[in-house]
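**Student:** Each chain, letter by letter, is given below.
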Amino acid sequence: MGELEGFYALWYREMKVFTREKSRIVSSLFTPLLWIVVFGGGLGSAVSLGGVNYQVFIFPGIITMTILFSSVFFGLYIVWDKKIDFFKEVLVAPLNRTTIFAGKMVGGSIDALLQGCAMLVFGLVLGVSYTFLAIVMAFLFMFVLASALVSLGLIIGSNMESVEGFQLVVSFLVFPLFFFSGALFPTKNLPPYLLAFTALDPVTYAVDGLRGAILGTSQLPIVLNFAILSAFAVAMVAVGTWSFRRLK
Amino acid sequence: MVCAVETEKLTKHYGDLVAVDSLDLSIKEGEIFGLLGPNGAGKTTTLSMLATLLKPTFGTARVNGYDVRTQSDLVRQSIGIVFQDPSSDDVLTGRENLYLHALMFGVPKSDRDNRMKHVLQLVDLQDRADDIVKKYSGGMRRRLELARGLLHNPRVLFLDEPTLGLDPQTREHIWDYIENLVKEEKVTVIVTTHYMDEADQLCDRVAIIDHGKIVALDAPSVLKANVGGDIIRLRTRKPKLESLKEMDYVHSIDQSGSTLSLTVENASAHLQEILGHVGEVDSVEVRSATLNDVFLKFTGHEIREESGEGGVFERIAKARSGR
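Residue numbers (the working numbering), protein chains in the order written: chain A, 1 to 248; chain B, 249 to 571.
Bound-form chain A, shown alone:
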């Protein structure tokens, strides 16, 4: 009972912050829209891939990007929480560390999921039509991806002492995860060095899975994509829980 209420408290806080800081949501959706409208629109006037317009082709990739950025940043944000004493207040509560981690993780994942949903709605403008099954599958992929990446952010954030490391994380983790994922190009016929990185990037399987769910074309079977992504998520959640247990 106590743990459940504690979990609810942490989630409730994230929801309040999410709904109150509207500028954050707007700015987090603005960059993906630029990618779709400008980059996708510009290149799409000349290129079509996998039987669809380039703009539509990168749409699942840009949804993934939206979730990637907001999830990792959500996790990193606890560096701030640690700096101000707010997080100490949570750590000193008579709550299990697993509960604290779960509350943060689910709160952040729902944030990211809501942003992913906003992007899905924008898809209608692009002329994407969804089946009920497509929406369910997209949801599952987005949620598992978000939980994995929020956990990743929390792992880094809980081990990082200052915000100076942010830029490093962005340059050497977030951008590579995005660029190698095949969000912007098909992963068929890649040169071997690129293929290796792409295969190692867990985000690849989210992009491919979402492409399968929304556009009906994917490199790997959807189930395989989902299995790999889920395994990655389980690993991240496990390491994240462990990191939180060690937090002082």
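Hints are computed from structural coordinates only; laboratory data are not their basis. None of the hints are false.
Partial pick of chain A residues on the chain B-facing surface, computed with a CB cut under 10 angstroms:
#, residue
1, Glu5
2, Tyr8
3, Leu10
4, Tyr12
5, Val17
6, Glu21
7, Ile84
8, Phe86
9, Phe87
10, Lys88
11, Leu91
12, Val92
13, Leu95
Glycine included, each C-beta is placed from N, C-alpha and C at the ideal position.
Given the coordinates of chain A, assemble chain B onto it according to the supplied hints.
**Tutor:** Then chain B, alone, in the frame of chain A:
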């Protein structure tokens, strides 16, 4: 005697640095107990160990009868903490901050509304409870944090530098609130501070800490009496010390440059005579002993010398209040 907090050789090492050195303390139920010392003396480290945020290197402590090493959950449930830095969530309202705390600290649902109302009243925030904390002043945030620390009916409340960074008027208000809640809630309060006036006015007993060790522990009035009288400060160019040394009511003489500091029993009665013997004097200052004098007596240096970031402001504040 019932002890709210008892420590036994409580020690914390950070590598080679001994932050807290074999601390033996026993704090009675219902008192306001102060840990006074410069920054880096080990006050916050001690507090963190008592609150189970840090594991002691050696020794142990019992808080409300629970061992901080083995019963940390029980300790946490029975204490409240107000941290040094603001720890309320400034995106939320005051009431939401309290609500979250109630959930996390397991305040039963049936009690929640009553307790929240009660603690808001204790710190006079009932009218501003639904404002976002960002709009609060520094003093209001502190009060909210006090209220939050009390919300789950803790038996011991830890306050880490409760008035750090607040203006003098607000500080006195916060002291009033603290004194009031001790009366109303029958809670034991443990305060760390490097403000001598805070320790003096607020605390029933004070432990003076330097380099992780207790150098003196008693009621502020007893500690001050220990100094052996009042302080007379003279500015004089050619002091005649011989005759002063013969006076039996002059307990200590300390000369640095042109400033002469004397510890004198019942200074006002003997001032005339001292001035008569010391020679030509530029200025005189007579004051009662403060905890700073106590600190100086036991450690040989002043609290201010090491007080880091707060130092400059304190010196300015002191210069102003000294005139």
